[in-house]
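Make a model of the complete structure from these sequences and hints.
Each chain, written out:
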Amino acid sequence: MRRKAVYPGTLIIVALALSSLFLLNPRPGTKAQTTTNCCGTNPPTAPREMVFPYYSLADGYNSTLMLVSSSPKPLNFIMAIHGLNGQTEISNSMSIQPGEKLAVGIGSLLTSLGVDVTGTFSQGSVSVYLE
Amino acid sequence: MPLAGQMTVENPARHWVHQVDMVENDPGRTDIPAVLSGEWWGLSGGRDATIMVTNASGNTVTADMFLAFGGKEHKLDPLVFTANQTRLLSVAEMLGNLNASVSEAPEGRITIIQRGPNPSLVAQGRVTDPVTGFSTTLEFPDPARQRASALHASGVPIATPTADSPFAGDGYFTPHVIASNLTDKPQSVTITLEYPTSSAWNSANGPGGPAAPLVRFTGHIKKGEKDPNEALAHPPNPDPSMLTGQFTLAPLTIGPDSTADFSLDAVMNQLPLPLPYVSVRIQYSGTPGSMIAQVSSVDENQDLVVDAHTANELDGWAGSGANPWHVDSQTNSILFLTDESDEPARIGLDVTAGGVHYYLIRFKLAAHETRAIDFRALRDSQVPDFKGNRIPAGASDGSVNWVRLDDAPVEGRMMVIQKQQGMASNYDCASCPCPAGFSALNAMPDLFSLPPGYYDDIFDTGLYYDCNGYQFYIDVTYSATFGSSNTSVIKMDSSVHNRADALATGSATITTTVVACTRYDTNPDLPCPCTSQRTFSFNITGNVCGLSISNPTDGEVFDLGGTNYDAATIPLKAASFCTGTVNWTLLFSYTTTGGTTYSDTQATSNTIGQNLNYNTQLGDAGQIYLTAKAELYGQTFQVDRTIYVDGTSIPPSVITARLYNLYSGGATPGLLTGIATHESTYHQFVSRSLYEVPNGLWPNESFGGGGFVGLMQVPNGLVDAFDWLTNTYQGLSTLEGKYPTVQSWVSGLRSQYPGLPDLSPTQYEDNEMVLYAGYNATQNPNLYIWQANSNHDGWTDAAAQANGGTGPYNYVYAPTTASNPGVRFAIQPQ
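Going down the list, the protein sequences come from chains H and U. So for the first sequence, numbering that gives the first Met the number 0 puts the first residue at 0; every next one is plus one. So for the second sequence, numbering that gives the first Met the number 0 puts the first residue at 0; every next one is plus one.
FYI, nobody ran anything at the bench for these hints, they're computed from the structure. Treat the hints with care, as some may be off.
[Claimed, not checked] Taking CB as the label site, the calculated pair distances span:
id	chain 1	residue 1	chain 2	residue 2	range
1	U	382	H	96	19 to 29 Å
2	U	582	H	96	49 to 59 Å
3	H	104	U	632	36 to 46 Å
[Said to hold, decoys possible] One-sided and incomplete, this derived list gives chain H residues near chain U with beta-carbon spacing under 10 Å:
id	residue
4	98
5	108
6	118
Just so you know, even glycine gets a beta-carbon here, dropped at the ideal spot from N, CA and C.
What follows is the structure in structure tokens.
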């Protein structure tokens with residue numbers, strides 16, 4: 000089913016999607032970091048976002064997001080793909096196993112979402128949200 | 000960050016590839032800097048640089064833009080970014096807006112300063128050349144991670160790399176150091192090239208070690224024989240200067256707001272070329288963060304650019320990584336790791352492929368050393384790790400998580416190079432800001448058993464967790480201490496501290512101890528000092544093998560018994576500190592009073608420590624030489640015992656019943672009881688001293704050396720001596736065996752005297768008794784009791800006639816029933 004493009008100002012939908020994901024997938028125990036806190040006095044709070052400021056599917060380019068887990072537990076995440084002008088498509092929930100690598104082809108992901116990769120989503124940026 | 004990532008953007012047709020790094024942007028914390036500064040370089044011959052700037056927020060933001068080139072910073076018109084908008088900025092166009100051109104500014108710097116309190120702009124850049132295939136990534140380093148005035152780039156190809164280099168055959172490379180002065184004052188830059196000076200640059204072990212991971216030999220080694228763990232017990236410990244050479248260029252000056260592209264072409268003739276690669280240290284004179292730099296190495300055909308991530312030496316995040324790898328016929332993956340300090344640095348490494356975790360546990364860098372781990376070679380070596388895991392032989396994709404384990408600055412990157420495409424991807428995603436903390440100590444083996452004269456090498460492994468809870472292992476044997484609780488049994492070797500020498504049978508506890516840091520201060524303003532150090536201990540049980548017999552005890556006497564009074568039960572149990580099977584041998588022997596020895600050998604086996612109730616075979620008794628033998632860890636152990644099995648008192652009623660039953664078809668049912676009474680006074684065994692058993696019940700032997708034995712006094716032998724059932728049956732057989740002889744004699748007489756009748760059954764018994772008693776009536780028939788009368792028409796009792804029935808004959812009183820006193824049978828004297 001083709002997803003409706005989300006336009007600037009509607010990122011609330013992203014937040015709702017994230018809320019849904021994390022409610023449907025209960026948070027794993029948050030005591031995993033038993034030995035060393037990540038960030039001193041400024042720890043992160045969930046959901047965590049990773050911003051990849053650019054991808055391109057135009058002019059013969061292809062783009063692959065290489066993800067590698069550093070977690071001892073499986074991770075669930077979703078991706079928000081933004082076109083150059085900020086239009087947004089939300090992926091389905093994905094998961095990655097502990098220590099594993101996951102290569103996500105942006106072109107094939109957008110195609111699977113019913114998005115025309117030659118149009119407004121031929122270039123843009125990607126955000127990955129995880130718990 | 001428990002998830003690391005990187006966007007690879009490539010154009011295979013043009014052989015372009017560039018990377019887009021991730022920036023963490025959490026609600027509670029963000030790595031997005033307020034000021035973005037990046038540099039462009041190599042803009043000549045129609046090349047342009049594109050800067051991609053993305054607004055990661057849902058709000059519209061405005062940024063002030065500056066280009067710095069030619070010693071000045073030029074302000075551009077502000078740019079407005081709508082929510083999640085990405086703008087592609089052409090450097091050539093921006094220069095044109097300033098009435099400049101790329102020929103005037105082939106290298107320069109762009110600075111983007113976002114207005115407002117919440118930074119949300121993220122940038123990345125690229126330079127591409129459609130003619131040559133040149134492409135390079137332009138980075139915007141995080142100012143917050145610039146805590147030192149020194150930068151490092153790891154694993155850069157230079158000139159024509161050596162034949163074994165990861166870059167072999169890829170071309171002739173010229174490294175470029177592009178440095179941009181962010182201040183309005185000149186700075187000096189000192190570039191130092193660090194290069195391998197030994198062949199151990201590809202070691203997967205400690206400094207100077209072999210390329211393939213070393214594997215610990217598990218097992219016992221005989222004292223004096225070559226230790227297969229020698230390479231681990233005495234690893235090479237070369238002086239770091241023997242591994243890494245350094246060449247420092249004369250200081251260079253970079254003017255205010257200027258960017259310089261230093262080609263190292265001019266100094267390559269001063270290096271000991273060829274080299275597999277170099278690492279580049281860039282030290283600048285300004286305050287930390289006042290300069291940014293990039294290192295890229297360009298093939299002479301301009302079609303391959305190898306970008307090397309340039310990290311600040313006090314950027315703690317650079318000391319960890321979560322990187323993908325790929326290996327196929329045209330692609331290889333190399334992990335470069337550089338120790339930027341003057342101290343050695345241990346690295347925890349977990350290679351994952353197909354669900355398998357493969358740990359390198361002895362990876363340690365020497366000071367200033369750069370190591371290159373070839374993932375194809377690592378996979379193809381098929382060397383098991385300490386858990387026995389191997390990287391699947393067919394694996395073409397996987398990941399590697401690595402982290403520093405000491406508070407020494409380290410940086411690394413994964414380079415995936417597609418040789419045919421002429422494209423190199425650089426992966427430098429980090430996962431943690433500080434070293435992993437020690438969590439638990441384990442030792443292998445944790446339980447061992449070995450014979451005296453052997454030794455086991457004990458290896459300690461530390462379990463570490465990084466900030467994400469991800470686990471790593473490292474061999475901590477050499478920093479551990481070892482001690483034995485019982486040095487007379489196991490003593491730690493004086494020359495190899497982790498070697499347990501087995502001295503004597505027994506058990507000892509080996510305690511190993513390590514002091515390690517469990518927690519580091521992750522405050523970004525501090526260089527990860529250790530805040531918690533702990534002593535970890537682990538106990539190992541060491542058993543030195545021996546073999547002893549728990550049961551039976553030496554000299555123990557067992558009686559025949561059981562339902563039939565013909566078997567003994569002997570408990571057999573061996574003890575050892577080792578496990579295994581014990582083989583028992585039982586040599587039964589019985590020596591008669593005449594000195595004749597009869598013997599039999601039996602064997603059985605059971606598990607050491609378990610009891611086996613051994614039931615003797617029929618006739619097996621007497622003196623038993625018991626041997627217990629076990630093969631334990633290749634050594635033969637044997638111990639022995641001497642024990643005894645003597646006879647037992649068999650109730651007369653049981654004997655009588657047996658004898659009646661045996662002779663139930665005979666003319667005189669109680670005949671055998673009479674014979675037994677006469678021959679043995681009804682005793683299979685009599686009390687006498689034999690061996691070390693005084694007053695034992697031993698076989699009832701005949702006078703004159705024991706040629707006959709037991710109830711029926713049949714010819715001696717083990718079975719007839721100790722198995723009364725066999726003895727009585729043998730007596731019956733002996734008696735019945737006389738019948739044909741008597742019958743032949745009677746037939747002969749009756750042929751000669753047709754009027755002579757046959758003997759009655761009882762008369763036959765009488766004459767058989769003569770033979771049973773051992774008289775040679777076969778040769779002298781006159782010895783038979785029953786003789787033909789003078790008329791040869793009947794039989795007469797010669798014994799009775801000769802002596803009135805009172806003697807000198809021996810009589811056997813054979814009852815007709817068990818309660819009948821019986822009739823008298825005579826045995827003719829000689």
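Hints versus structure:
| no. | hint | in the structure |
| --- | --- | --- |
| 1 | U/382 x H/96: 19 to 29 Å | holds, 24 Å |
| 2 | U/582 x H/96: 49 to 59 Å | holds, 50 Å |
| 3 | H/104 x U/632: 36 to 46 Å | violated, 56 Å |
| 4 | 98 | holds, 4 Å |
| 5 | 108 | violated, 12 Å |
| 6 | 118 | violated, 15 Å |
Violated hints for the displayed structure, listed by number in ascending order: 3, 5 and 6.
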